[in-house]
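Engineer: If you want the building blocks of each chain, they are given just below.
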Amino acid sequence: DGGITQSPKYLFRKEGQNVTLSCEQNLNHDAMYWYRQDPGQGLRLIYYSQIVNDFQKGDIAEGYSVSREKKESFPLTVTSAQKNPTAFYLCASCSAKNIQYFGAGTRLSVL
Amino acid sequence: GQNIDQPTEMTATEGAIVQINCTYQTSGFNGLFWYQQHAGEAPTFLSYNVLDGLEEKGRFSSFLSRSKGYSYLLLKELQMKDSASYLCAVRSDRGSTLGRLYFGRGTQLTVWP
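Residue numbers (my numbering), protein chains in the order written: chain A, 1 to 111; chain B, 112 to 224.
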């Protein structure tokens, strides 16, 4: 089945630790996105990538890093510099018709 | 910058019709999207308008007026399963923001029996 797979579904981070969230898609989409969602808030863009080996900062990139070495994969690292990482993280990819489709999300909590 | 406004909450009864409004101010407008998000789940795509007018898809319709910076999502024959948050998003294709979506905070719809 074609789709966007995020893993893990739940993740716990210890103080001072970096953690990496996985996002893989087999839809052959060029563009991929990472969003953060806090309770009662809209989706805020962290990073996005329109093509392999290129990515741009979104509105809240501080404390996060990404890579785009393969078309299918766009992992997000939450670094220790991100002081308030508890949130629901959503990965999306964009079709040729400009429609963004989302993975199931990763819920990150701090221990 | 981008500014997208939608009501925070709405309620309606089963079988009724509800209209969720969205107003926006953006540069490089290239489409308005509606997504449905159930609690604890990812958003799912509902509709996309790039030209003025009404797009109908089953029980859901979406309208766009670019000159007024206004859209609405119309839900007919409401069902309990329609209780969810409805997100309005605008695509901007200007310069460095090419391909970005800007999301409103969402409208939490509660459908009562």
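Be aware that one or more of the hints could be misleading.
With the Cβ distance kept under 10 Å, some of the chain B side facing chain A (calculated, not the full set) [to be verified]:
1) I115
2) S138
3) G142
4) Y146
5) A153
6) D163
7) E166
8) C199
9) R202
10) R216
Keep in mind that the hints were calculated from the coordinates and are not lab data. Ideal placement from N, C-alpha and C gives every residue a C-beta, glycine not left out.
Engineer: Hints first: check each against the structure and report whether it holds.
Structural biologist: Against the structure, the hints come out as follows:
1. I115: Since chain A brings a Cβ to about 8 Å from I115 of chain B, closer than 10 Å, the hint holds.
2. S138: With Cβ-Cβ at 15 Å, over 10 Å, it is violated.
3. G142: 6 Å, holds
4. Y146: Result: holds, 8 Å to nearest chain A Cβ.
5. A153: 4 Å, holds
6. D163: 17 Å, violated
7. E166: 13 Å, violated
8. C199: Hint holds; C199 of chain B Cβ to chain A Cβ min 9 Å, cut 10 Å.
9. R202: Holds, about 6 Å.
10. R216: Result: holds, 4 Å to nearest chain A Cβ.
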